[in-house]
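> Since the structure of chain G is already known, use the hints to place chain D on it.
Below are the chains, spelled out letter by letter.
2 protein chains.
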Amino acid sequence: MSLIEELNSQYTELSFLNSAAAIMAWDMRTYLPSKGNEMRAEALGYISTLAFKKRVSDELGSILEKLSEPETYNSLGDDEKAMVRVSAKAFKRARAIPPALYQKFTVLTVRSEKAWEKARVENDFEGFAPYLEEIVSLSREMASLYGFAENPYDALLEGYEEGMTAKRLREIIEPLKKELVPFLKRLITEGKAPETELLKGKFSRKAQEKLSHKALKFIGYDFEAGRLDETVHPFTIGIGVGDVRVTTKYQPDEFTPSLFGSFHEGGHAIYEQGLPAHLKGTSLYEATSLGIHESQSRMMENIVGRSKEFLKFFYPHIQKAYPSNFKNVPLKKFYRSVNSVKPSLIRIEADEVTYNFHIMLRFELEEGLMKGDIQVEELPARWNEKMKEYLGIEPANFSDGVLQDIHWPSGMIGYFPSYMLGNLYAAQFYAKAKSDIKDLEGKIEKGDLKPLLHWLRENIHSQGRRYSPEELLKVVTEKELDPEYFIRYIKDKYSHIYSL
Amino acid sequence: MSLIEELNSQYTELSFLNSAAAIMAWDMRTYLPSKGNEMRAEALGYISTLAFKKRVSDELGSILEKLSEPETYNSLGDDEKAMVRVSAKAFKRARAIPPALYQKFTVLTVRSEKAWEKARVENDFEGFAPYLEEIVSLSREMASLYGFAENPYDALLEGYEEGMTAKRLREIIEPLKKELVPFLKRLITEGKAPETELLKGKFSRKAQEKLSHKALKFIGYDFEAGRLDETVHPFTIGIGVGDVRVTTKYQPDEFTPSLFGSFHEGGHAIYEQGLPAHLKGTSLYEATSLGIHESQSRMMENIVGRSKEFLKFFYPHIQKAYPSNFKNVPLKKFYRSVNSVKPSLIRIEADEVTYNFHIMLRFELEEGLMKGDIQVEELPARWNEKMKEYLGIEPANFSDGVLQDIHWPSGMIGYFPSYMLGNLYAAQFYAKAKSDIKDLEGKIEKGDLKPLLHWLRENIHSQGRRYSPEELLKVVTEKELDPEYFIRYIKDKYSHIYSL
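Protein chains in written order, with this note's numbering: chain G, 1 to 500; chain D, 1 to 500.
Remember, identical chains collapse to one label, so a pair may be satisfied in a single copy or spanning two.
Distance condition first, Cα-Cα at most 27 Å in a straight line; then the derived DSS-like pairs of lysine-lysine: (1) LYS206 to LYS249; (2) LYS249 to LYS35; (3) LYS210 to LYS249; (4) LYS371 to LYS89; (5) LYS474 to LYS167; (6) LYS438 to LYS479; (7) LYS446 to LYS491; (8) LYS280 to LYS53; (9) LYS450 to LYS214.
FYI, nobody ran anything at the bench for these hints, they're computed from the structure.
So here's chain G without its partners, still in its complex pose (with noise of 0.2 Å):
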């Protein structure tokens, strides 16, 4: 075996282990009996193990070295290259961290989320405050073994974001804070605002399941390659290749939540449906990034799924799926209703004008408490001053502000900006797309999304994990990561619908 060869045996191994991990967290939030639920979290946890060790072996590390050394790197080809620089990277980040301290960590978040559910219920901050200061000191003291330049915060963002910095965010955050804040004063106060009761009612889970159906079809979605299931807290996952399952939930009062949601899940499964094939079992085969992949469901759930052209073709479906609430609602209407504009307390209840500010808030909060300059315990008050600044709303409660997402009791932190790079990213290539493809918008009319996801297979999905998030930005795009695509995007249309 060549050394390129032994290391992606080792990833082989890897991804087998991986899609040992994912059909068992599937099946967990999916069909599991509630009595397997035990004994699944700790068969889990040893698959999870496995393969954390497996990342980490001293096997794997030596097959690096070599590959590393200047003359061994410099002969290989570009694909070889950027196996062993992923490779390299995810290897020395998973080594630096010993494993004490990642056990300790884990112990820790198991533990952190049962108390953050408690404490949500009973809408009780201080009962676990404790629970995330111990988060914030083991996440900062990870901080400094993985290392950084200026912003103990950067360490943490690059384990989702790979290459992104606190300082590049800010920069990124300035522009959007000063456009779209007074723009959606502007939409508040001067705009016509859509009425969205008619979207309230009675909507049978069959028709919602179809429907679904129909959207994840007309997307590209494989259903030969993956499935649609229900489950409480949606969700993708790329279980291996040929097998790449999205989920959703059916609402009995309201049916946009599982069409946008099915669009939402699409956008992620047509991303790890169309990784390269060919790549199989090497650190290639994954997305580029929790950002990128961001781009792709945010771009199908709201600038296709919630465009006037693609509810021009696909509105006549929902009124025959729903004659009795529809079919005196003209399209136009229908359309201004999805795309109703309100602050709100609630991150992923957000539309999409008000969806960054939730991000912001958080970045913020997050990075202050890595560098020490916020402490846990003001995080409420500080949410608080947030949230008025941004939305011009408060929360009367802890579980409707700070205690309502549970990524900071998972440790996850550093993971909110891929949401908001999202929609930028995604504004980015579709006005890329929009200017390669001929009459794009005419086609998603005609119900035709095909050049398109041919253009996302071809210029982002097949890409897999060769470039880096802004590499990537920058060959397909040619530009750098730019929110002014984002800021136009989102004025135009909304100017439009508030009649501003």
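Chain D in isolation, oriented as in the chain G frame:
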């Protein structure tokens, strides 16, 4: 950690690997999208190999060696001694086969199953024969490595039914043949055969599913620790503690296969659900043997499921589910129809009376192959002779004869006898249960199977793997295996049904 704790820690890890493999296998046969098959097979193979390596590891060997030293062993409690006995036996057996031979055999069986699938469709015994020859040859090699006193077949049998030998099987089979071959002839020539046409018709999937659920609940299957799904070849699988799943198949033109199939799988499942929880993660948290397992399924499917008493309770539910089919069919007529006896070519479709003959035939051929008395090329001729002798019929092609089962292509020589043993054990256990439980049949008539479930839990399920099958039989029934119980059961039941 004590040595026993070390042993159990090895077994606990093994239970996690087995649990991962089990959910992967379950999913493969229920929900896996078609394009995911290839990677799933590879990943499952990898996890299975990890489990195999654990079973033969030097670490486990050294723990067992220490535990087997007389002084240490004698200081152990009864359960602990059993743990060591069971583990040491399994270890010795697994280590008897060199990894290269094991690998060769595994690769061969994968190819052989594929070749068999094709051969069966094309009715091509010659095309499949070379694979079977190789399987027989490697099986003989493995039998020598396992070791045996007089008959190489015993070495294979041991892998499925601890302590069983070809000699003992012949002793058991002799009275079965002597009594039941002539009895079958009498049934057919002199008996009044039931009508069976009434079982054909149109049966909605939904109603079948409901009946299967009802049947499973009736026998005490715990849906919080399992679930029922659809598949092509129904099976039961223990995925972990609190998670034992059953599957069935709903045929549109007949509902009895899914109903009695659910009884059968449910019988297996309540066994696994009743394993001793306090012994989880040890070598005793397992069924006694395949034969004992089959006794539970056959008891539920036939002795209970097709009994007058049970049907007196359950038939109204069937009539309610399919009023147009059964509202004018009296109970007695229905009872007779599901207990019709007819020599047939396919084992898995055989009734209670003829089923064992299919097994005898396979046992006699397998033993001949292993001893070298029969050559693979002779199999079809020998098959037909024996079919004629036991059942009075002959297949018109290989696919309905020697090519019908997957066991030989899969390399599972020695497996079949456990099916027959299951029938015999079931009759003997049930006779004892009837004498232990006051008015068991009256209780079943009233729809109350709890006393029987309780009896099975206490006497069989909760024993786990403490005893060998013959020991268990003695502990529970105070007798050696005696085919008379089965013979009497069959003669009583069918003399009555066929008005002999």
